[in-house]
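> Protein sequence lines correspond, in order, to chains B and D.
Quick note: the first sequence uses our numbering, first residue 1, plus one each step.
Quick note: the second sequence uses our numbering, first residue 386, plus one each step.
Bear in mind the hints are in silico, worked out from the structure with no lab data behind them.
Cβ coordinates follow ideal geometry from the N, Cα and C atoms, glycine included.
Errors might be hidden in some of the hints.
[As the list claims (entries may be wrong)] Cβ-to-Cβ under 8 Å is the rule here; a few derived chain B residues that face chain D: (1) Arg20; (2) Asn64; (3) Ser98; (4) Ser103.
The residues making up each chain are set out below.
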Amino acid sequence: MRTLRVIPTVLKQIKRSPIRSSLTLGGIAIAMFLFVMVESMRSGVQEATEMTAGETTLVVYRENRYCPFSSRLPQYYEDRIKQIDGVASVVPIQIHVSNCGASLDVVTFRGVPRDSIQHAIAKDGVIVEGSISDWKKRGDSAIVGSALAKRRGIKVGDLFSAAGIDVFVAGIQETSQAQDKNAAIVQLPFLQEAARKGGTGTIVTQFNVQVENHNNLELVASSIDETFAHDEHPTSTFPEKAFVGRAARDIVQLAEVAGMLAWGALAAVFALVANAVVLAMRDRVRDHAVLQTLGYTGWLIGWMVLLEGAIIALIGGLLGGLAAFLTVQFGQFNMTMEGVNIEMATGPSAAIMGVVLALGLGMFAALIPALRLARTDIATCFRAV
Amino acid sequence: MKLLPFEYATRNLGRSPVRLFLTVFGSALVVLLIMVAGSFMVGMQAALDVSGSQKNIMLLGAGSVESVERSEVGMDTPGIVAGSISGFRTRAGIEGVSPEIHIQMPLKVGDEDRLVLIRGVRSEAFLVHDQVSITSGHAPRSGRNEMVVGKLAARTLGFNDAKDAIDTTIMLDDDAYTISGILEADGGIVESEVWTSLTDLQITSQRDTLSCVIVALDSAKPSDLEMFAASRIDLELVAISEDEYFSALSKFYKPIEMMVVMTCIMIAIGGMLGGFNSTYAAFASRVREVGTLQTLGYQRGAIALSLVQESILSSSVGAIIACGIAIFTLDGFSIRFSMGTFTLSMTAGIIALGIGSGLLLGVIGAIAPALRCLRLPIPEALRASE
Numbered sequence: 001m002r003t004l005r006v007i008p009t010v011l012k013q014i015k016r017s018p019i020r021s022s023l024t025l026g027g028i029a030i031a032m033f034l035f036v037m038v039e040s041m042r043s044g045v046q047e048a049t050e051m052t053a054g055e056t057t058l059v060v061y062r063e064n065r066y067c068p069f070s071s072r073l074p075q076y077y078e079d080r081i082k083q084i085d086g087v088a089s090v091v092p093i094q095i096h097v098s099n100c101g102a103s104l105d106v107v108t109f110r111g112v113p114r115d116s117i118q119h120a121i122a123k124d125g126v127i128v129e130g131s132i133s134d135w136k137k138r139g140d141s142a143i144v145g146s147a148l149a150k151r152r153g154i155k156v157g158d159l160f161s162a163a164g165i166d167v168f169v170a171g172i173q174e175t176s177q178a179q180d181k182n183a184a185i186v187q188l189p190f191l192q193e194a195a196r197k198g199g200t201g202t203i204v205t206q207f208n209v210q211v212e213n214h215n216n217l218e219l220v221a222s223s224i225d226e227t228f229a230h231d232e233h234p235t236s237t238f239p240e241k242a243f244v245g246r247a248a249r250d251i252v253q254l255a256e257v258a259g260m261l262a263w264g265a266l267a268a269v270f271a272l273v274a275n276a277v278v279l280a281m282r283d284r285v286r287d288h289a290v291l292q293t294l295g296y297t298g299w300l301i302g303w304m305v306l307l308e309g310a311i312i313a314l315i316g317g318l319l320g321g322l323a324a325f326l327t328v329q330f331g332q333f334n335m336t337m338e339g340v341n342i343e344m345a346t347g348p349s350a351a352i353m354g355v356v357l358a359l360g361l362g363m364f365a366a367l368i369p370a371l372r373l374a375r376t377d378i379a380t381c382f383r384a385v
Numbered sequence: 386m387k388l389l390p391f392e393y394a395t396r397n398l399g400r401s402p403v404r405l406f407l408t409v410f411g412s413a414l415v416v417l418l419i420m421v422a423g424s425f426m427v428g429m430q431a432a433l434d435v436s437g438s439q440k441n442i443m444l445l446g447a448g449s450v451e452s453v454e455r456s457e458v459g460m461d462t463p464g465i466v467a468g469s470i471s472g473f474r475t476r477a478g479i480e481g482v483s484p485e486i487h488i489q490m491p492l493k494v495g496d497e498d499r500l501v502l503i504r505g506v507r508s509e510a511f512l513v514h515d516q517v518s519i520t521s522g523h524a525p526r527s528g529r530n531e532m533v534v535g536k537l538a539a540r541t542l543g544f545n546d547a548k549d550a551i552d553t554t555i556m557l558d559d560d561a562y563t564i565s566g567i568l569e570a571d572g573g574i575v576e577s578e579v580w581t582s583l584t585d586l587q588i589t590s591q592r593d594t595l596s597c598v599i600v601a602l603d604s605a606k607p608s609d610l611e612m613f614a615a616s617r618i619d620l621e622l623v624a625i626s627e628d629e630y631f632s633a634l635s636k637f638y639k640p641i642e643m644m645v646v647m648t649c650i651m652i653a654i655g656g657m658l659g660g661f662n663s664t665y666a667a668f669a670s671r672v673r674e675v676g677t678l679q680t681l682g683y684q685r686g687a688i689a690l691s692l693v694q695e696s697i698l699s700s701s702v703g704a705i706i707a708c709g710i711a712i713f714t715l716d717g718f719s720i721r722f723s724m725g726t727f728t729l730s731m732t733a734g735i736i737a738l739g740i741g742s743g744l745l746l747g748v749i750g751a752i753a754p755a756l757r758c759l760r761l762p763i764p765e766a767l768r769a770s771e
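Whenever a hint applies, use it, and build me the whole structure from the sequences.
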């Protein structure tokens, strides 16, 4: 019980040096804010690019092309892909973006044939406003992803214009898939004609292929590439998530660099807590001597030091973690590159992990000063005064 | 006011080697962080802050003003433009009308693909883009599969010294290209591009259209081009000045740039807070010493000045160490990104920023604890523990 009763005393000790405590807390909060933001980005990238078991979608792209503007495949490849063993369905897709570079809030248009709309809607996709039949009725209609609609304030019935394309909003799709909630699905012939000078006729950007058995994913991919290897437009076929990782390589690279920043932020938390605790210990030698005289054991004083480190780190971690969590929640940040979208993970896991790590690091940073103090006898403490 | 001798501040530094080490190390770390963040910001902004010439007008495909890579213009457009409008820049009978293809394609380096913006040009391009010059080798000759690489593009391809790239053979799609020269453009975005012959690139990329036609104005006015684009609706063109195009492109990259700027600022603030924490702790515990100095007759201002001197000495040593590390290990470090390659340059401005933040850390880090020490009455200060 005594271990808990010392908590108010520890809090008073933290409050005794308001300037120093504020500096430490500010530093920890900023470090944890950065850590949680980076972790949210890394989780988003991981979720979008790491293959999961049971994946059955392949993306067929023009070989040696990365940008949707330069990947041009004849639409008639659709029939030839359908004939390959193991292929369940093929959807020709035209992708249109304002720019291939990496940025936030880029609108991606996906043109799909009218009859393939069911394959283009996300597996967990629900049309929350409007309907697919409305989409089919108008050539220039679009089904807009919920995140894109929220960001741009789009409602069903609105006329929406981006990247040189004007569309009528026929529906809003609610889904958890980053690729779908940030894109606008339009009819393929409309996009082919609207996107390029004189129309692109029967040219598409890519084919999305569903395979019958997920175990045959690689086999079907190589069969597709072999089929067109000596054609005018050779192809490169990838599982969907590998394709996203390839297309968004800058964002993946950015996440890797940011990963170092996250380690740096953790090191900063450790250094700040360790510095604060060590300096506080130096100032409080007399206090500890008095506490020992009053009957506090060395281990109890050590525990108080450990608690001080933990409390400082916890408060700083909570401030930074909460601020980062709210920023990601309200910001709904979505990075786009080469027409693929990667969203910052909005779940609380990064913030929780950040707070737990800050707490652990705070205790770890205070451990050595706490142990040293616990082993110091009363006479040594008084001699140090 | 009688000042404390300067030696008092310098000798004090050696009194506690651990404290000196912590302060110097802390300030070096803070200054290094600020310098890296600053040079990252400046490098990125410089790469994006590409102002094209107001005298150059781009003719792009209608609806493609946001990206030249998306644009498509007919192969006959340059001839029609040259025949319809007069007053373009002319040298030795060559008119400043440059048909160009801009395409991102991977160049194979070893087993790895390096994505670079490739520009297919004819010789007129060097007349239109007069800031571009070939500093080594020669311009790409048509039909020879030759390319000139920008200074930064050479780094992307793995050549630290751009000249080493000359005569190297690189695969573009399925065609082998030879690097024939190095181009420079006063640090502009062109330096992260690769230029090759228009015809060769058309064959390799299987393109039968241009990305744009860029014209250099002499006596002609931008409105002439706008009128031309508006009247020739069959060509589906739009005219925009190079300057306007690049400022729109900068706007596209703004959110990412802002994200990087905010992160850099936060790192700098976090570093500063950590630094203040160290210096504050180093001085705040010297209450009794300050009391003793007051007893000896030194005024508060003189004591504060001495503490600031001491703090500045230690933090500036840290700042100099940080500048050394930054100059010798980080200067010239290149970062690849979709808008091009940019380098961390430890320019005079960045070094001034580093030294300035070191001095600021020293001043602010000493003033706050000095005030705290000096606020106490002398008897109370003398009773305080070290």
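> Give a verdict on every hint.
Status of the hints after comparison with the structure:
1. Arg20: This interface hint holds because 6 Å falls under the 8 Å limit.
2. Asn64: At about 5 Å, which falls below the 8 Å cut-off, the nearest Cβ of chain D leaves the hint on Asn64/B intact, so it holds.
3. Ser98: Nearest chain D Cβ about 5 Å off; hint holds.
4. Ser103: holds, 5 Å
Violated hints: none; the structure is consistent with every hint.
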